[in-house]
Amino acid sequence: SQTIHQWPATLVQPVGSPLSLECTVEGTSNPNLYWYRQAAGRGLQLLFYSVGIGQISSEVPQNLSASRPQDRQFILSSKKLLLSDSGFYLCARGQGYEQYFGPGTRLTVT
Amino acid sequence: AQSVTQLDSQVPVFEEAPVELRCNYSSSVSVYLFWYVQYPNQGLQLLLKYLSGSTLVKGINGFEAEFNKSQTSFHLRKPSVHISDTAEYFCAVSVGSGGYNKLIFGAGTRLAVHP
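Chains as they are written, first to last, in this note's numbering: chain A, 1 to 110; chain B, 1 to 115.
Bound conformation, chain A alone:
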């Protein structure tokens, strides 16, 4: 079966600190991968997508960056967190026209 892991599940970080969120996918090769953010009371915003190793596209300008060092690994990073970076971060893999989501990481910036 195809499984998406996200680590960590929850994170509390001070403003100005760095960030690294990890997403790993099992059971498939060369998947399209996506990072979404869900801010409190808002819908899902696509942040980044990747169609292969080292290939990253950004949907919106922001304080975050993404990398794909391995086929099944997708990392979301920041050098200095802002309060507005708080939210629920979801990784997804594409399969045809649909997407399947991981369990998410709850980030609180204090």
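Derived by calculation from the structure, the hints in this document are not laboratory data.
Quick caveat, the model's predicted, so the values are computed rather than measured.
Treat the hints with caution; some may be incorrect.
[As the list claims (entries may be wrong)] Below 20 Å or equal to it, Euclidean Cα-Cα: the simulated EDC-like pairs (lysine to aspartate or glutamate) are: (1) B:K49 to B:E88; (2) B:K58 to B:E20; (3) A:K79 to A:E22; (4) B:K58 to B:E88; (5) B:K49 to B:E16; (6) B:K58 to A:E22; (7) B:K102 to A:E59; (8) B:K69 to A:E59; (9) B:K69 to B:E88; (10) B:K58 to B:E16; (11) B:K49 to B:D85; (12) B:K49 to A:E98.
[As the list claims (entries may be wrong)] Going by beta-carbon spacing under 7 Å, a handful of chain A positions derived as facing chain B: (13) W7; (14) G16; (15) A40; (16) L44; (17) L47; (18) G52; (19) Y97; (20) Q99; (21) G102.
Just so it is clear, CB atoms sit at the ideal spot from N, CA and C, and this is done for glycine as well.
We have chain A already, so just place chain B on it with the hints.
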């Protein structure tokens, strides 16, 4: 540009009553539509999808949706809800660009089932 509008931000309903969550989309190309459910502090789970064929689509947990091209709608229905259906529901349309498909989500509808 494609967009998705979920007409109700919150829908309260009593247990065992029927429910309809409304979704309208705008798209000038082939339409692929989805409903996802999100339980608190969890990821999104695919409920059902319309890609082609029959306009009435059945999904998991007793949900179904009907694709109506003339009204550009994809409303989600369940004839009898349970307390466990309390969650947030997202309608989405898939759009393709440059070798990948992107999902455009609605703002979500919070379904609250009361005993």
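Here is how each hint holds up against the structure:
no. : hint            : verdict
1   : B:K49 to B:E88  : holds, 17 Å
2   : B:K58 to B:E20  : holds, 14 Å
3   : A:K79 to A:E22  : holds, 15 Å
4   : B:K58 to B:E88  : holds, 19 Å
5   : B:K49 to B:E16  : violated, 24 Å
6   : B:K58 to A:E22  : violated, 34 Å
7   : B:K102 to A:E59 : holds, 10 Å
8   : B:K69 to A:E59  : violated, 29 Å
9   : B:K69 to B:E88  : violated, 25 Å
10  : B:K58 to B:E16  : holds, 19 Å
11  : B:K49 to B:D85  : holds, 18 Å
12  : B:K49 to A:E98  : holds, 8 Å
13  : W7              : violated, 13 Å
14  : G16             : violated, 26 Å
15  : A40             : violated, 12 Å
16  : L44             : holds, 5 Å
17  : L47             : violated, 12 Å
18  : G52             : violated, 10 Å
19  : Y97             : holds, 4 Å
20  : Q99             : holds, 6 Å
21  : G102            : holds, 5 Å
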